[in-house]
Amino acid sequence: MQTVFWASGIITVIILLVIIGYILIKGLPAINLEFLLAEPIDSGESGGIAPMIVSSIYVTLVAGIVAAPLGVGAAVYLAEYAGENKVVKLIRFGAETLASIPSIVFGLFGLSFFVIFLGMGWSLFAGGLVLALMALPTIFQVAEVSIEAVPRSYREGSLALGATKWETIYRVVLPAAIPGITTGVILGLARAISEAAAIMFVVGSALSMPISIFDPGRPLPLHLYVLATEGISMENAFGTAAVMVILILIITVVTNTLVERYQKKMMGR
Amino acid sequence: MSSNKLEEYLVEKGLFLTAIFSIIIILIIIAFIFREGFPIFQEYGVLNFIFGMNWAPSDEQYGVFTMIVGSLCITGLSLLMAVPLSILCAIFMAEIAPKTFRKILKPTIETLAGIPSVVYGFFGLIVLVPLVRVQFGGTGFSMLTASIILTIMILPTIISVSEDALRSVPHEYKEASLALGATQWQTIKNVIFPAAIPGVITAIILGMGRAVGETLAVIMVAGNVTQIPNSILDPVRALTSNIALEMGYATGVHYNALFGTAIVLFIMIMVLLVIANYFHYKKKVVIGGGYL
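Line by line, the protein sequences are chains L and Y. Heads up: the first sequence begins at 1 in this note's numbering, then just goes up one per residue. Heads up: the second sequence begins at 1001 in this note's numbering, then just goes up one per residue.
In short, the hints are calculated from the structure, not lab data. Don't take every hint at face value.
Claimed, not checked - Not the full set, but computed from the structure, chain L residues with beta-carbon under 8 Å of chain Y: (1) F5; (2) S8; (3) I19; (4) I23; (5) E96; (6) T97.
Glycine residues also receive a C-beta, built at the ideal position from the N, C-alpha and C atoms.
Given the sequences, and given the hints that come with them, work out the whole structure.
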């Protein structure tokens, strides 16, 4: 029986290594400075992915700026102000629901609400707003856990010195919880930066370099989808996929380092 | 002092607003999906829409039954593969693996969860589709291929939630069992795993939700033919794929029909979520026929 358990663990590791290894081995040769800095030529058959990188940065920035305050605010409210009552249960259920709505349904919502109803048109800004909604539950859930993990004595110390509740939260609790909150924001944005289905009918899928966030654009995952399904260029598709895999690897390393540091700080105090 | 109190009051109300924001958003999402999708139910009939076997927008045929079956088949087959593997892996991580190997497995699972679904779809398209074609025949674009990709994609969800459930089983249970002379395997099989079952079920349902909702990875490998599959090598179309494939050019009733598809999808996900919550909050531990 031991062997079966070991096998299950090893299989999981092998699956990851095969996928990442394959994408990187095939994709890394396509990546060079020109690929990263040039605009695509002939719908991406040759040339680079610079506009896609900029598009991805724009939508992720919009998502972060919108979702981070909302998620952290909700987490502060639940951790510091609310007791356990019906409203709190409803709020938690709301976050869970938001987390489990399929991305393509978000896409339809983005199209009918932001693009058409609010008249934003196809734009990276509208795409960023959709992604903000998708990142929100992750940011909220991780932030709540890290705010609750701040030791009670911190709050008591601050309150005893005469600080008000909000001063205590703002100057003592939040700074102490910052590594955890940052982790939550990064995890939420990691979901946003990988998402294609939710934005495919919202960002307009334009190939040109977006100047402002109100221009249409084509973030990296959507570009990979188009390149692969329309058979435009497998070489550039591998390159784009490799760029995204590297991004995800960096994000995993950064969040793990943050979490480790945070745990050390909270326990080794 | 009173300005301080006013500030405190405003801050609390402001934070409350951010807290109920997600509920407001969900209501707006429901409102808009139903507003755009409702006309298809009126014009085509709810039953015709859900149980209709034909989807041919050019002939004004809007039946999504083949896609409901498609989504359920892909999801079922992927659960069949993912559940045993991930439960074994979760038990391994929680009870058996030495610390060093756990240190490899945890980031592995996090990375698996973080890989974009398009990258999974791309890997499936380039590697799995030809593999299935050579090994089993057919075009390679099939229910089986889609299920294999989904299996990999839902592994992290089921493993991490099950592992949490296994870890939250009180230590005393394990110690008592071991003290009575049970072996490690007997303890896992008869005490720890049964106690963690509600959490494991939650994990499986969450994985199922992810599989039903997955869009692009499925589109890229499933073949997307609107038919009831006869074998696992037949191409199928999922509900999510239907929306993503046709929304780009849909107008009029066709546009409404795609929102109608989203309503069906939304209801399926909500049912799963409610079931998951039921098991999550009703954690009754049953061991050897008695409640603990």
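**Message:** Take the shortest C-beta to C-beta distance between I23/L and chain Y; is it under 8 Å?
**Reply:** holds (7 Å)
**Prompt:** Holds or violated: is there a CB of chain Y closer than 8 Å to the CB of E96/L?
**Reply:** Holds: closest Cβ of chain Y sits about 6 Å from E96/L, inside 8 Å.
**Request:** Using 8 Å as the Cβ threshold, decide whether S8/L counts as touching chain Y.
**Result:** Status holds, d = 4 Å.
**Supplied contact hint for F5/L, tested at 8 Å Cβ to chain Y** = Holds, because the Cβ-Cβ distance from F5/L to chain Y comes to roughly 4 Å (cut-off 8 Å).
**Prompt:** Are I19/L and chain Y close enough, Cβ to Cβ, to be under 8 Å, as the hint says?
**Reply:** At 5 Å from the nearest chain Y Cβ, I19/L passes the 8 Å test, so the hint holds.
**chain Y contact restraint for T97/L - C-beta distance below 8 Å** = Because about 5 Å separates T97/L from the closest Cβ in chain Y, which is inside the 8 Å limit, the hint holds.
Comparing the model with each earlier hint shows no violations; every hint is respected.
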